[in-house]
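Novice: In order, the protein sequences belong to chains A and B.
Each residue of the first sequence is one higher than the one before, counting from 1 in our numbering.
Each residue of the second sequence is one higher than the one before, counting from 1 in our numbering.
Hints listed in this document are in silico derivations from the structure and should not be mistaken for laboratory results.
Given the structure is predicted, the values throughout are model-derived calculations rather than measurements.
It cannot be assumed that every hint is accurate.
[Said to hold, decoys possible] Here are the computed lysine-lysine pairs in the BS3-like style, where the Cα-Cα straight-line distance is at most 30 Å:
| no. | chain 1 | residue 1 | chain 2 | residue 2 |
| --- | --- | --- | --- | --- |
| 1 | B | K2 | A | K22 |
| 2 | A | K325 | A | K85 |
| 3 | A | K85 | A | K528 |
| 4 | A | K529 | A | K511 |
| 5 | A | K477 | B | K123 |
| 6 | B | K180 | B | K194 |
| 7 | A | K477 | B | K194 |
| 8 | A | K536 | A | K520 |
| 9 | A | K165 | A | K141 |
| 10 | B | K123 | B | K52 |
| 11 | A | K477 | B | K363 |
| 12 | B | K60 | B | K75 |
| 13 | B | K369 | A | K477 |
| 14 | A | K477 | B | K180 |
| 15 | B | K2 | A | K21 |
| 16 | B | K170 | B | K123 |
| 17 | A | K13 | A | K520 |
| 18 | B | K75 | A | K477 |
| 19 | A | K477 | B | K367 |
| 20 | B | K170 | B | K187 |
| 21 | A | K477 | B | K170 |
| 22 | A | K136 | A | K156 |
| 23 | B | K52 | B | K75 |
| 24 | B | K73 | A | K477 |
| 25 | A | K156 | A | K13 |
| 26 | A | K85 | A | K13 |
| 27 | A | K197 | A | K141 |
| 28 | A | K477 | B | K52 |
| 29 | B | K2 | A | K84 |
| 30 | B | K335 | B | K295 |
| 31 | A | K84 | A | K21 |
| 32 | B | K187 | A | K477 |
| 33 | A | K84 | A | K280 |
| 34 | B | K73 | B | K304 |
| 35 | A | K477 | B | K60 |
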Amino acid sequence: MKTNQTNLWSFRKAAPVTRSKKFLLSILIVAGCLSMLHLAEWWFREDHVASVPLFLLLSFIFWWGMIRMIILWISYLGIRVPEKKEAPPGLSVAIFTTSSPGEPLSMFEKTLAACARITYPHTTYLLDDTQDPRFKEAAVKNGAVWLEIVGFPGAKAGKINEALKSTTEDFILVLDPDHIPFPNFLDEVLGYFENEKVGYVQVAQAYYNQYRSFTAKGAAEQTYSFYGPTQIGMHGYNCSVAIGANCTFRRTALESIGGHGIGLAEDLITAIRIHSEGWKSIYAPVVVSRGLVPEDLGSFFKQQLKWARGVHEVLFAELPRLWSKLSFWQKLSYLTIGTYYFSGVTIMLFLLIPFLFLWFGMLPANMDFIQFVLNWLPIAIVGITIYLYVQQWLCHPQNERGLHWRGMFLKFACWPIFFKGFLLSVRNADIPYIPTAKQAVKGFTPFIRPLMIHQLLFIATLFFVVIERRYFTHEAKIALTSGDIWGMVAFACIAFIMTFGGMYAAIESRKIKEEEPWEKIDLELINKKHRKSVRKNYKKMSYNL
Amino acid sequence: MKTIIYRSILVLIALGLGTGIFVLLTFAGDKTKGPLENIFSSVNTNIASFEKSMTGTREKRSQSLLWFDNYRKNKLFFNSPDSFFVGAYDDQMVESYESVVALEDSLKIKFPIISFYTAWGSKRQQVFPMLRAQAIYDLGSVPMITWEPWLDDFDAAHVGNTINAENKNKGGMRAVAQGKYDVYIDKWAADAAKFQHPFFLRFGHEMNDPYRYPWGPQNNEPQDYIDAWQHVRSRFSNAGATNAIWIWSPHPAYETYPQFYPGHENVDWIGVTALNYGTVATWSQWWSLEDIIQKSYDSLSLYKKPMMLTEYGSLSVGGDRAIWFQEGLSSLPQKYPAVKSVVFFHTNSDNTTTYKALDWSFKNDEKTKQAIIASFRSWMR
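So here's chain B without its partners, still in its complex pose:
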């Protein structure tokens, strides 16, 4: 019996010490993750910039966007623009922006803005998208990043145990305002500061839509959203990320938006979603651009901020899409002078709203493309 106890104790001690070594190594690994990763990523950056210099003699897209350089190098010009910026989002651009380039070529312009979406969370692709932002900048454009606070994407280890793990979204904006996600926000902001160049940051968009995103009014009081906005923005200032251009972007269909406005000094641009769902769902019908944004424009333009149609597009079900674009675009500068930018929503598999994927893309719709080109020409006259 004695030997059994003795041996069991030995086994237990071995297990304990072995676990100890493992924990030490893992802990050391976690600690060194910073510098090691930095070395690796700086190697990566150097290779990328070496490649950039290697391809230096080739024709560059940025050459045709030289006029835009003044704007993108100076935030002041940006926030009181005397020009008009067209942009696009295309879902085929995880590994390459070729699809965006193809789209703009077919519309005979160059997009100064390239838009994409990224979510909050603990996964490695949920950090500041340095590579993608830099690639857009190298192409001569400016990134517009829609930054979505999906709070249930966080591991407990990342944000600590102070947050209600059951439903992180309930009162989530309050938690953000209270600083419970500061570790994540600060890292993101610090990386954004390292990017150095101006970029549009569309944080917590469509916050007034109670049916869509978890940061909406079904989970949060309007004041909590405002507090969260101000808190995040102040973390950015602390981190020196003054290169972010803040787009506050409510949904035009819910007229509660003034309740969510974070204040004149905290907002740089105002964004409006302008999507025509046609007759694809029971709640929708064929609405013109005017139907969609007129009311909200009248109200939001009072804030005296440059405005952007942050998601601009139409499905082809229930009406003539070419006419929809032509009508909307050609009169845009006269009817809505505060709107200084439109960003095409050009994705062929949008499944955020309906149970089946919607196709917003018009790259194969020659008529629509011609209508858009004609509208752009009409601006020049």
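Extracted from the complex, chain A is given alone in its bound form:
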């Protein structure tokens, strides 16, 4: 799929949810749930149990994924795109963006210039601890207020909390510095604050550099559904989360929780605390800015490790503390997000199963592979249908539709990261220092090693099996075990193929040319597109009159 570059710079929003579409969706979901019951009825038969502990383990890791899928489907049932509200004039609005040592100046020049073009009256603040006078110049040149905030813990969040003390605006948009906002950003979100209960408005996170590499494409693909149907569904249950970037907060909401949360998943911490104080949240499925997604595998892994570690912190520290103050759907939502990275553990156990059998003859279940496939097939068909059906509520369907196979490969490659994140969280340890991409460009990222070990293990096992059966297996045994052995080898082979995505990304990442993607962006073009769409809307309105 080729991405049309200029295409990315127009305002986009998810399609409205009509009653008939939602009705069709609920039919599919009912079919999905029944297929699930059908599989469960088959799965939990007594004669499938080969070894009780191993069968329990296998059931746990398999149904872990299935139950998450059902929860996702249930969240789709709540799908509701909020009705656009016109921003009332006269609100006092601040935009906070933060800079740290080592971040490229030219990126800030672009972002600050784009902030200046946001049409709703506002004040942009650059929260700066670079101690580099050029950053101040860039702020002043673009009409932003420069605030020097040095030496506060908690990176971004620490600076935001400091800046909150010295500013007075009622609404604060926290903008990631790699994000280039569109002129209508504030017009799209401020209207929702008309309801006094609304604590924050999150918008979709979109990217403009996904064309740069396999990693970037895959990483972007992983987010499309989340910022489309998933968050829209969560919005329907008032449990959409602030995550990623570009959340607009009501100052009193932030103050009610003692300021922006600090941690590796600071947005999520802030969101859960605001929810626990009884504020409502809005998810607006609109593309009003575009930012950067990691281009090389090392940076992507680093980001994922941070998130895995951070999100577990929400699970272990915030969720139990705030449990009683959350609604049922909020509990379910934070529990589901909080345990997302646990898939590192389940995938690893899944990988182990064929090796346990091929090396030690340990078998968890007496299941016929074919029978399994046949019983599982209805879920696969309905599941894919639902996945594709809800893509009509992506923010930018023309660009984002698809099976997102790169995203799947990339997620598989992440299991060691997720696993590590989980272990670190259980031990309550900090994430280790990892060299940045620039330093790691010449070699593979160290996090690809578990995948390579897995590949070697598979190849060695394949050799072992072939040699064993060619020369040593007794002829009185060979035919009787052929189906089981090669069935397991085929099962292991699926996982082996899944490692190719990560390996390809790792190899490709060594050759990525460094580039500053923001250099190419023409803010004037964005403005032109914006003016055109405003004119079109205006014309439409006058026709209506």
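Guided by the hints, dock chain B onto chain A, whose structure is given.
Specialist: This is chain B only, laid out in the frame that chain A set:
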């Protein structure tokens, strides 16, 4: 109120249509099970035969059973044998026949017959055991399959609702004869035909024992058993499964067996169970082979069919097992010329008869093994 009704109706319709899609998919799944499974199993067969060719240079057991090839390739030789076939059943052979091979090696012969048991029913392992039969054939032997009609192992979905679900065994043979299990029988027979090679089929064994199996006289009239036998056999003919060699195998202790004989043209071999339980139970004592089979032999040999001791073995409680085997085996060809085959019952956990598992195996009983070897030698003289 109106909106509530309206919405409830919408919910109900969604539930109904969702169920519809699910039923459609399941139905489609059931329909396609045949071809899909066939593709998978043919892949499996191809891999197995590829493996067979891969190991081609290795020494093969079938090489030492070449003399037997004439018999197993021609049913006529089989049913009027001029030789003697030894076989065994060993319960350690679900995944491998190594235990049988080890046993025969320790007895210094090769078994032309390898015996195993399979039950009727709806479970996937209750279809014709193609893989196991083929593996036995590849080893140079012929499978003897004891096929047990445990009718309560069937799901209602598999056989339809025409059968009394409460107690399928009561009058079960009548139901079989009436064709109520034809779906199952036909599939089994068709698969057996695909196997192509001759195999022994011991259907509904010990049908005259009222205390043992549900297909016995406590649930069925003798005539029903005969009708069932003839019906099953005719289904096999229809399916082209003429490679089955039918063993009618009553229990020698109950002299009612003539009532159950399905007729000369419907039986190929006659089997006799010859197990010495020793003093393990109150109803048993140390009986020699003669004690066990003499009476039944006198009567059954009149049918002029080759005979087989289908389960031949002794426990070690209450007597000398080595002597038991030696006495029984060494005089066997002279005393019982109609007996053309013995199949050792070599299992160490038989719990079909008593509340605790019985050990019939003698693989660790050197004396018994030597006695058996000596008996075999005495035949050569």
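Novice: Has the given pair, K136 (chain A) with K156 (chain A), been kept, meaning a C-alpha gap of at most 30 Å?
Specialist: With Cα atoms ~18 Å apart, K136 (chain A) and K156 (chain A) stay inside 30 Å; holds.
Novice: For the pair supplied as a hint, K84 (chain A) and K280 (chain A), confirm whether the alpha-carbon distance does not exceed 30 Å.
Specialist: holds, 16 Å
Novice: Does K367 (chain B) sit within 30 Å of K477 (chain A), going by the straight-line distance between their CA atoms?
Specialist: holds, 29 Å
Novice: Quick one, are K477 (chain A) and K180 (chain B) close enough, alpha carbons at most 30 Å?
Specialist: Measuring from Cα to Cα gives roughly 37 Å; hence the hint is violated.
Novice: Decide if the proposed pair is consistent with the structure: K2 (chain B) and K84 (chain A), CA atoms, cutoff 30 Å inclusive.
Specialist: holds, 29 Å
Novice: Can the restraint linking K60 (chain B) and K75 (chain B) be considered satisfied, given a maximum Cα separation of 30 Å?
Specialist: holds, 24 Å
Novice: Need the status of pair K52 (chain B), K75 (chain B): alpha-carbon distance at most 30 Å?
Specialist: Satisfied, since the Cα-Cα distance of roughly 26 Å is no more than 30 Å.
Novice: Between the alpha carbons of K477 (chain A) and K52 (chain B), is the straight-line distance 30 Å or under?
Specialist: holds, 11 Å
Novice: K2 (chain B) and K21 (chain A): Cα distance at most 30 Å?
Specialist: Since the Cα atoms of K2 (chain B) and K21 (chain A) sit roughly 22 Å apart, the hinted pair holds (cutoff 30 Å).
Novice: Given the hint that K477 (chain A) pairs with K363 (chain B), does the C-alpha gap stay at or below 30 Å?
Specialist: holds, 19 Å
Novice: Can the restraint linking K325 (chain A) and K85 (chain A) be considered satisfied, given a maximum Cα separation of 30 Å?
Specialist: holds, 29 Å
Novice: Would you check the hint for K477 (chain A) and K60 (chain B), treating anything up to 30 Å between C-alpha atoms as holding?
Specialist: Holds. K477 (chain A) to K60 (chain B) sits at ~13 Å (cutoff 30 Å).
Going through the hint list in order, the structure does not satisfy hints 4, 14, 21 and 27.
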